[in-house]
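*Asks:* Starting from the known structure of chain A, fit chain B onto it as the hints suggest.
Chains A and B are the protein sequences, given in the same order.
The first sequence maps to residues 9 to 352 in the working numbering.
The second sequence maps to residues 13 to 357 in the working numbering.
For the record, the hints were derived by calculation from the structure and aren't laboratory data.
Virtual Cβ for every residue (Gly too), placed ideally from N, Cα, C.
Here are the simulated SDA-like cross-link-like pairs (lysine to any residue), alpha carbons at most 25 Å apart as the crow flies:
1) A:Lys283 to B:Glu239
2) B:Lys47 to B:Lys61
3) B:Lys47 to B:His349
4) B:Lys61 to B:Glu102
5) A:Lys283 to B:Leu291
6) B:Lys304 to A:Glu261
7) A:Lys219 to B:Glu296
8) B:Lys53 to A:Glu167
9) A:Lys219 to A:Arg107
10) B:Lys302 to A:Gln218
11) A:Lys219 to A:Glu197
12) B:Lys304 to A:Arg155
Here's a subset of chain A near chain B, in silico, CB distances under 8 Å, partners left out:
13) His230
14) Val256
15) Thr280
16) Arg282
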Amino acid sequence: MSNADPDNDILLEVRDLVTAFDTDAGRVTAVDGVSFKVRRGRTLGIVGESGCGKSVTALSIVRLLPRPMGRIVSGQVLFDGEDLTSAPVERMHQIRGGRIGFIFQEPMTALNPVHRIGRQLSETFLLHNPGMTPKEALERSIDILARVGIPSPEVRVSEYPHQLSGGMRQRVVIAIALANRPSLVIADEPTTALDLTIQAQILELMRDLQKDFGMSIIIITHDLGVIAEMCQDVVVMYAGRVAETGSVHDIFENPTHPYTRGLLASIPRLETPRKTRLSTIEGMVPGLLELPPGCRFQNRCPHRTERCEKEVPGLETVGTGHFAACHHWRDLGEQPPAAPADTP
Amino acid sequence: MIASPNGSSPTARSSASASTPSTVDAPLLEIRGLKVHFPVKGGIFLRAKASCRAVDGIDLTIHPGETLGLVGESGCGKSTTGKAIVRLVEPTDGEILFQGRNLAEIPRRQLKPVRREIQMIFQDPAESLNSRHTVANILEEPFIIHGIGDAEFRRKKALELLERVGLTAAAADRFPFEFSGGQRQRIGIARAIALEPRLIICDEPVSALDVSIQSQVLNLLLDLQREMGLSYLFIAHDLAVVKHISDRVAVMYLGNIVEIAGADEIYRDPRHPYTRALLSAIPEPDPRRKRKRIVLSGDVPSPINPPPGCPFHTRCPHVQEQCRIQKPALRTTTEGHEVACHFDL
Numbered sequence: 009m010s011n012a013d014p015d016n017d018i019l020l021e022v023r024d025l026v027t028a029f030d031t032d033a034g035r036v037t038a039v040d041g042v043s044f045k046v047r048r049g050r051t052l053g054i055v056g057e058s059g060c061g062k063s064v065t066a067l068s069i070v071r072l073l074p075r076p077m078g079r080i081v082s083g084q085v086l087f088d089g090e091d092l093t094s095a096p097v098e099r100m101h102q103i104r105g106g107r108i109g110f111i112f113q114e115p116m117t118a119l120n121p122v123h124r125i126g127r128q129l130s131e132t133f134l135l136h137n138p139g140m141t142p143k144e145a146l147e148r149s150i151d152i153l154a155r156v157g158i159p160s161p162e163v164r165v166s167e168y169p170h171q172l173s174g175g176m177r178q179r180v181v182i183a184i185a186l187a188n189r190p191s192l193v194i195a196d197e198p199t200t201a202l203d204l205t206i207q208a209q210i211l212e213l214m215r216d217l218q219k220d221f222g223m224s225i226i227i228i229t230h231d232l233g234v235i236a237e238m239c240q241d242v243v244v245m246y247a248g249r250v251a252e253t254g255s256v257h258d259i260f261e262n263p264t265h266p267y268t269r270g271l272l273a274s275i276p277r278l279e280t281p282r283k284t285r286l287s288t289i290e291g292m293v294p295g296l297l298e299l300p301p302g303c304r305f306q307n308r309c310p311h312r313t314e315r316c317e318k319e320v321p322g323l324e325t326v327g328t329g330h331f332a333a334c335h336h337w338r339d340l341g342e343q344p345p346a347a348p349a350d351t352p
Numbered sequence: 013m014i015a016s017p018n019g020s021s022p023t024a025r026s027s028a029s030a031s032t033p034s035t036v037d038a039p040l041l042e043i044r045g046l047k048v049h050f051p052v053k054g055g056i057f058l059r060a061k062a063s064c065r066a067v068d069g070i071d072l073t074i075h076p077g078e079t080l081g082l083v084g085e086s087g088c089g090k091s092t093t094g095k096a097i098v099r100l101v102e103p104t105d106g107e108i109l110f111q112g113r114n115l116a117e118i119p120r121r122q123l124k125p126v127r128r129e130i131q132m133i134f135q136d137p138a139e140s141l142n143s144r145h146t147v148a149n150i151l152e153e154p155f156i157i158h159g160i161g162d163a164e165f166r167r168k169k170a171l172e173l174l175e176r177v178g179l180t181a182a183a184a185d186r187f188p189f190e191f192s193g194g195q196r197q198r199i200g201i202a203r204a205i206a207l208e209p210r211l212i213i214c215d216e217p218v219s220a221l222d223v224s225i226q227s228q229v230l231n232l233l234l235d236l237q238r239e240m241g242l243s244y245l246f247i248a249h250d251l252a253v254v255k256h257i258s259d260r261v262a263v264m265y266l267g268n269i270v271e272i273a274g275a276d277e278i279y280r281d282p283r284h285p286y287t288r289a290l291l292s293a294i295p296e297p298d299p300r301r302k303r304k305r306i307v308l309s310g311d312v313p314s315p316i317n318p319p320p321g322c323p324f325h326t327r328c329p330h331v332q333e334q335c336r337i338q339k340p341a342l343r344t345t346t347e348g349h350e351v352a353c354h355f356d357l
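So that you can see chain A by itself, here it is in the shape it has in the complex (with noise of 0.2 Å):
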């Protein structure tokens, strides 16, 4: 892949990353070829449709697959030029936490239900800061807990999770996730659980501490509202593999993939003429143990020929760093932005 900017300028490459799980069924290729970049202090969102990866794509790149069924057969993730995958156990538990935070999706499984929050928050600082006292970890706690915006940490230090809402239980968790200053931070899902204006709390709190911070943060999410807000750089996954990549214009004002056009097409928006038919992506995402050869997307797509249910595209250049995995991408035409089926 060409990609305009210098090397330095990139903080996390992976590349052919294949993750598999070993079932009762079958081996299932999870994350089948991914490949993308994490430029420094941007933001990469990483969407799709559930089981299409995403989460898993994350979890390899920190190593928390669940074991022992699932591991990375093979690819490379390079964070500052060092491979994580063959990275030793106890150089990922310096790095967790550490250079890469993570926040998660439910914030109330994040949490451990029996700590108080400031020895879960001190607990992070006191791994990876030899030599600090169990005092200094937990007025570091206060401070940071302060700094995303919880009010009276001190006193919420020694609360339990249960005792703290929802916007502020993902709080802490950002917290815990920035509290050695990562270089990177990964969040899936970050708000999926939060309702709507607790989200729009927590999505302004990560652009400011990014800002103050510097930090590349990762996204995966299924909401294209949140990648069309929050990122700079886009991939799009289906069934294992990316569909699409580029900046968040690309993604948005020229979608190349039809099935990034389709995905963009269905979401009901504000300007939708009411109760109008929604354009469609018909079919569902085949299951990964029934893959058929070539591409994944070919049981649900208009533009289908006999050559993508033999051959698997691979991602061609569209433009400068903008990528699609499909055959015919060129042949698709022009498609204006998201304009619904009118029928009424």
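*Replies:* The following block gives chain B in isolation, referenced to the frame of chain A:
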């Protein structure tokens, strides 16, 4: 595949004009002063210590062929409202008038005929379909409960319903777990329309579905409404989805309706500060659009101990002294647009 049954077209009620619900019609459903309070038990004897005011006095009307969208954040009482209409929770106070009868008062035994007329579609079809029954069993059950037809008739109906919602006859003898989320929701919809109801309470029917499947299900709901003259109470938190499917939209906050207006109107000209904040919080799938966002501070207060005065005053950017004391009633600002705020903002 089954041959298209001749009886698949809807009966008499399709004449109800679904596309242009007129407010001149007598309402199909009218809710007046509905309250649902749950006792909060505590202490060693588990006596009711306080009450959770899930729904705290709301008025709503739904006309024949109309979709009323009900939006709000978790805990605002929107689902409880839906459940109270079909008496899945007991109303504490108020009237639920359906075809001239007050559903809040009639004995449970007499509810059965009403349930033919009002059906429900739930958020999670995995949980609302009995996993031990085949799809045909699930779809035949409404007919059995209401003593309609013999086994052959019911089977025929089940197959018709499957085709109606876009599934094949092959689905009939399979179990719910064999289907994807979108297909299961289609089965849930088939069950809801089995008895040709007048009103369907849709409680977050597409929230659990993937984007590409969501639009398929929304199209199905729109088609069925047009064909059968159905009315929907469409409960959801996704404002773009609600706007798309609704004729009118009501916004709930902490057990109260704070604003109600035509679907286009409320999005074009929201008047309640909560509606404005909610609309501005929608992340729009368009990176070019940079809107001014109203970010509310704080969380929704608990319905167990709601604040006095206006329920929204703790988070309202325009709060005045009056708001802390006096609860604003819904008042009409322009025709068909009601807002519960003391001020014209």
